[in-house]
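As you go down the protein sequences, you meet chains D and A in turn.
Numbering follows the numbering used here, with no gaps: position 368 of the first sequence is 597.
Numbering follows the numbering used here, with no gaps: position 73 of the second sequence is 302.
Quick caveat, the hints were computed from the structure, so don't treat them as lab data.
Among the hints, erroneous ones may be present.
Which copy is meant is left open, so a pair is good if it fits within one copy or across any two.
Derived DSSO-like pairs (lysine-lysine); straight-line CA-CA distance at most 30 Å [as the list claims (entries may be wrong)]:
1) Lys492 - Lys239
2) Lys239 - Lys502
3) Lys502 - Lys492
Remember, predicted model here, so these are calculated numbers, not experimental data.
2 protein chains.
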Amino acid sequence: MARINEHFAKLPAGYLFPEIGRRVRAYQAAHPDAKVIRLGIGDVTEPLAPAITEAMHRAVDELGVRETFRGYGPEQGYDFLVDAIRAHDYAGLDIAADEIFVSDGSKCDSGNVQELFSLGARIAVTDPVYPVYVDSNVMAGRTGPLGADGRYPGLTYLVGTEANGFQPDPPDEPVDFAYLCSPNNPTGTVATRVQLERWVAWARANDAVILFDAAYESYIADPALPHSIYEIAGARECAIELRSFSKRAGFTGVRCAFMVIPKTVMGVDPGGKRVPLHALWSRRHTTKFNGASYVVQRGAAAAYSPEGLAQTRAQIAFYMENARLLRTGLAAAGFTSFGGIHAPYLWLRTRDGATSWELFDRLLGEAQIVGTPGAGFGPGGEGYFRLSAFNSRANIEEAIGRIQRVFG
Amino acid sequence: MARINEHFAKLPAGYLFPEIGRRVRAYQAAHPDAKVIRLGIGDVTEPLAPAITEAMHRAVDELGVRETFRGYGPEQGYDFLVDAIRAHDYAGLDIAADEIFVSDGSKCDSGNVQELFSLGARIAVTDPVYPVYVDSNVMAGRTGPLGADGRYPGLTYLVGTEANGFQPDPPDEPVDFAYLCSPNNPTGTVATRVQLERWVAWARANDAVILFDAAYESYIADPALPHSIYEIAGARECAIELRSFSKRAGFTGVRCAFMVIPKTVMGVDPGGKRVPLHALWSRRHTTKFNGASYVVQRGAAAAYSPEGLAQTRAQIAFYMENARLLRTGLAAAGFTSFGGIHAPYLWLRTRDGATSWELFDRLLGEAQIVGTPGAGFGPGGEGYFRLSAFNSRANIEEAIGRIQRVFG
Numbered sequence: 230m231a232r233i234n235e236h237f238a239k240l241p242a243g244y245l246f247p248e249i250g251r252r253v254r255a256y257q258a259a260h261p262d263a264k265v266i267r268l269g270i271g272d273v274t275e276p277l278a279p280a281i282t283e284a285m286h287r288a289v290d291e292l293g294v295r296e297t298f299r300g301y302g303p304e305q306g307y308d309f310l311v312d313a314i315r316a317h318d319y320a321g322l323d324i325a326a327d328e329i330f331v332s333d334g335s336k337c338d339s340g341n342v343q344e345l346f347s348l349g350a351r352i353a354v355t356d357p358v359y360p361v362y363v364d365s366n367v368m369a370g371r372t373g374p375l376g377a378d379g380r381y382p383g384l385t386y387l388v389g390t391e392a393n394g395f396q397p398d399p400p401d402e403p404v405d406f407a408y409l410c411s412p413n414n415p416t417g418t419v420a421t422r423v424q425l426e427r428w429v430a431w432a433r434a435n436d437a438v439i440l441f442d443a444a445y446e447s448y449i450a451d452p453a454l455p456h457s458i459y460e461i462a463g464a465r466e467c468a469i470e471l472r473s474f475s476k477r478a479g480f481t482g483v484r485c486a487f488m489v490i491p492k493t494v495m496g497v498d499p500g501g502k503r504v505p506l507h508a509l510w511s512r513r514h515t516t517k518f519n520g521a522s523y524v525v526q527r528g529a530a531a532a533y534s535p536e537g538l539a540q541t542r543a544q545i546a547f548y549m550e551n552a553r554l555l556r557t558g559l560a561a562a563g564f565t566s567f568g569g570i571h572a573p574y575l576w577l578r579t580r581d582g583a584t585s586w587e588l589f590d591r592l593l594g595e596a597q598i599v600g601t602p603g604a605g606f607g608p609g610g611e612g613y614f615r616l617s618a619f620n621s622r623a624n625i626e627e628a629i630g631r632i633q634r635v636f637g
Numbered sequence: 230m231a232r233i234n235e236h237f238a239k240l241p242a243g244y245l246f247p248e249i250g251r252r253v254r255a256y257q258a259a260h261p262d263a264k265v266i267r268l269g270i271g272d273v274t275e276p277l278a279p280a281i282t283e284a285m286h287r288a289v290d291e292l293g294v295r296e297t298f299r300g301y302g303p304e305q306g307y308d309f310l311v312d313a314i315r316a317h318d319y320a321g322l323d324i325a326a327d328e329i330f331v332s333d334g335s336k337c338d339s340g341n342v343q344e345l346f347s348l349g350a351r352i353a354v355t356d357p358v359y360p361v362y363v364d365s366n367v368m369a370g371r372t373g374p375l376g377a378d379g380r381y382p383g384l385t386y387l388v389g390t391e392a393n394g395f396q397p398d399p400p401d402e403p404v405d406f407a408y409l410c411s412p413n414n415p416t417g418t419v420a421t422r423v424q425l426e427r428w429v430a431w432a433r434a435n436d437a438v439i440l441f442d443a444a445y446e447s448y449i450a451d452p453a454l455p456h457s458i459y460e461i462a463g464a465r466e467c468a469i470e471l472r473s474f475s476k477r478a479g480f481t482g483v484r485c486a487f488m489v490i491p492k493t494v495m496g497v498d499p500g501g502k503r504v505p506l507h508a509l510w511s512r513r514h515t516t517k518f519n520g521a522s523y524v525v526q527r528g529a530a531a532a533y534s535p536e537g538l539a540q541t542r543a544q545i546a547f548y549m550e551n552a553r554l555l556r557t558g559l560a561a562a563g564f565t566s567f568g569g570i571h572a573p574y575l576w577l578r579t580r581d582g583a584t585s586w587e588l589f590d591r592l593l594g595e596a597q598i599v600g601t602p603g604a605g606f607g608p609g610g611e612g613y614f615r616l617s618a619f620n621s622r623a624n625i626e627e628a629i630g631r632i633q634r635v636f637g
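Isolated chain D (complex conformation):
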């Protein structure tokens, strides 16, 4: 009798993005001529930079010749990529090459990282939150069934509000492992140095571990803001960091990311012995993963070449100009919004007491614009709405015009 993992049943059937897809398809079926502009899912639209495609072509050529063919690579990633990451992203930050684990995506890394912790570990997430952090812990069995309040018993929720700038403080109760995303998906807000210092101090005082998801760090515009948690003294003792090439180099369909685990981040076993999480992740990564594609790793490394840096920075500047236009255009239409300065997401406050799904339906029905209802990111997202700056300039300008006509 094949007994199943009973925890999957705790996840609601109607997941956020399929439900959005259903409503958009229904609208388009009823209005076949409508030109729908999609600012919902955070997917890039600019093509890969020439430096990257050139590197990928060279890699494909290498694999087509016996003398330069490569089979299995190191599961942790090739030295050429790890060294480039270290030199550019962690210069002066005391991160060793073997503390960097290349992967095929931050979604995988952020879903898999919970395997390092006991099933009895107490997990903290923000609310609103990137759903993978929550769902992967539900599937592992660390929660009860979804409550009527939209929360899973067993998780600690830290609510992001306008009052705290959507950057909640660390928890008061004991927690083993906390997920922190900055620049934040979905709110587009960013943690300051002082806020990160508070998190690191909390983790060290409580012997807790932080997962710092910095998938959007390349969108930070203010040089005073930290890009890495390791810019905070003491973070090497308590923090794991995620980075991704998805939004930084247009790799959403190419697939490359990495996780940093300093050897000094410790967990504790049931006998009270301190164990480096690095050793556990190394075992997990080499046992259940077989390395990112060689061609992809060559493309990712090219994002660090002088040409690659210039080209990808220009893409990011393009998206951030989209975000600025959206922000000012929405303000002119009377909307209050947050984020969008150090991240490609705007977090809109709904108006007239509308729920986030009501705003979704109105934007789709009256302006043919698809966004993401805040409630899809947790109960703390109710009353808010996420718009993405990933699109062509023409579509962004068209979207602003429509919103101003409908709501202005």
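Given the coordinates of chain D, work out where chain A should sit on it, guided by the hints.
Positioned in the frame of chain D, the structure of chain A alone reads:
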């Protein structure tokens, strides 16, 4: 206090391939001029087929142009690949497109699949066995600590012996989920139709689920042997199948594979309700994975074009001629071996009561050949030794000559 997953500590520190690497490095340091031939790890050596590199180049070009750029793809894989898989690998076998899940590798799939089952589920593996099946279940907590007999209490071991042709029968005791690999890694032997019928009958009679790992199916030479478990009546009710492009198309560094889960394969929840495993895997795949690279999927699809099929079949024929030469060369040196007819692996019996590590050390020290000690695949592998046929013809011939000189 970050409480860790205590089950990782049950895994021995000295993993098979790192230990092999350590001994080879030590030998080479002491004998810097020795020309070591590596027939250990099962990694391909022939370059990618031209049809595949051409498709990958085209895909890279598409990603470099705004009009043809693609971001996030479907987590389950693009239709162009899924349809090619279905048409070529499952023609007439009643597998729907949405029952195929493209991934970045069979190592990942075979490590992740256990997440579908209860932590209390009883797991059966063969011995010798591909280590990922065992280790992923140990990490999940389904076993006790490694016993002095080299086995984990809580797992059901089915021992492959010369008497059963290294194809053990299904278990007598109740089991929820069984891993079956054919053509087999490590033994290179293959299950017959009658043997697979027995497995399917057992699974249906016991309401159990089989994972059929067919990563090496393209090496099957006899048209009477099944390539897919779904060639067996009733398998749609009880079997999940894995396939990979690694050995079929030289993708060990490119990374692409797929899992087939018919919607008719059921598990049972704690309330006794029957639940399709397809729904659980779909949730797992979309929550913790973000699709294989677009460039890689285009390359994989090209393996099914007329040119791609011809070119990859020629590569497989080349490796299998290597296997034939090894088989006859080893027999001439007085070795008894198994497998190597429908798989690129030979399973050698050691001589004069040597352990598998003793043969390893002798082959390395006297013939400068690296293989894999059978004991690394479980206690049932003691007294045996795996040699891979993946190498150049010149190296295979040189290896045979050395073995004949040392042992002949």
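Checklist entry - With identical chains treated as interchangeable, where does the CA-CA distance between Lys239 and Lys502 reach 30 Å or less: within a copy, between copies, both, or neither? => result between (33 Å within a copy, 15 Å between copies)
Checklist entry - Is it within, between, both or neither when you check Lys502 against Lys492 at 30 Å Cα-Cα? => result within (15 Å within a copy, 45 Å between copies)
Checklist entry - When no copy is specified for Lys492 and Lys239, does a C-alpha distance of 30 Å or less occur within a copy, between copies, both, or neither? => result between (35 Å within a copy, 20 Å between copies)
Checked against the numbered hints above, the structure violates none of them.
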